[in-house]
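Colleague: Sequences listed follow chains A and B, in order. Under the numbering used here, think of the first position of the first sequence as 37, with each following residue one higher. Under the numbering used here, think of the first position of the second sequence as 461, with each following residue one higher.
Errors might be hidden in some of the hints.
As the list claims (entries may be wrong) - Derived pair list, reagent style DSBU-like, types lysine-lysine, alpha-carbon separation capped at 30 Å:
| # | chain 1 | residue 1 | chain 2 | residue 2 |
| --- | --- | --- | --- | --- |
| 1 | A | 41 | B | 517 |
| 2 | A | 148 | A | 136 |
| 3 | A | 136 | B | 517 |
| 4 | B | 517 | A | 104 |
What the hints contain is simulated information worked out from the structure, not anything from laboratory work. Since we're looking at a predicted model, the values are computed, not measured.
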Amino acid sequence: DQQVKQNSPSLSVQEGRISILNCDYTNSMFDYFLWYKKYPAEGPTFLISISSIKDKNEDGRFTVFLNKSAKHLSLHIVPSQPGDSAVYFCAASANTGGFKTIFGAGTRLFVKA
Amino acid sequence: GAGVSQSPSNKVTEKGKDVELRCDPISGHTALYWYRQSLGQGLEFLIYFQGNSAPDKSGLPSDRFSAERTGGSVSTLTIQRTQQEDSAVYLCASSLITGLAETEAFFGQGTRLTVV
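Start from the sequences, fold in the hints, and give me the full structure.
Modeller: Given below as structure tokens:
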């Protein structure tokens with residue numbers, strides 16, 4: 037049972053344009069959502085997060101939007117840069133007697149120069 | 461230490477052998493996770509530790525997999541009688557829990573396990 041779903045395995049965007057990465061979740065108990073970025077041969081690194089009490093969080097070129105009623109979140113990168121090319125993982129966690137962060141399958145972003 | 465450290469970085473083993481993977485979390489981080497990423501797949505949750513106890517072992521694929529954590533610090537993931545389908549990158553992450561809040565998890569670089 038995939039509680040966190042990233043339905044697009046890959047996305048290709050021109051440099052300077054907006055990248056939009058989508059994520060859906062099924063567990064209404066999730067109250068904290070995160071995006072991680074992963075380069076080949078490295079561990080994932082934290083990018084940006086959002087609490088369920090908010091619907092938007094912005095950090096520089098990165099913005100995460102949360103739509104709780106739709107159980108959907110998205111990561112916007114604008115403007116996209118070639119160095120943003122990586123695999124992006126959406127993750128969600130809930131405090132249910134312990135924390136367990138569930139990751140999506142990832143979306144590979146290609147930013148073309 | 462400065463970050464999460466995993467060893468070995470690469471391990472090639474023969475089918476049927478046992479392997480131990482080690483994770484040194486960030487000092488002071490009470491939560492520790494093991495995930496694995498098989499080729500072309502996402503991150504698969506294996507087990508979570510809070511301190512030395514594992515409230516959630518639901519992700520362990522079979523009874524050949526076990527993990528322990530001692531002193532609230534170092535963790536080892538043991539795979540007995542390895543099979544080829546165990547080949548994957550095994551990632552460890554740690555995070556700080558303060559009260560009811562958890563900070564983001566920091567990952568190690570992973571151990572690439574190849575079973576031949």
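Colleague: Kindly indicate which numbered hints from before are broken by the structure, ordering the numbers from low to high.
Modeller: 2
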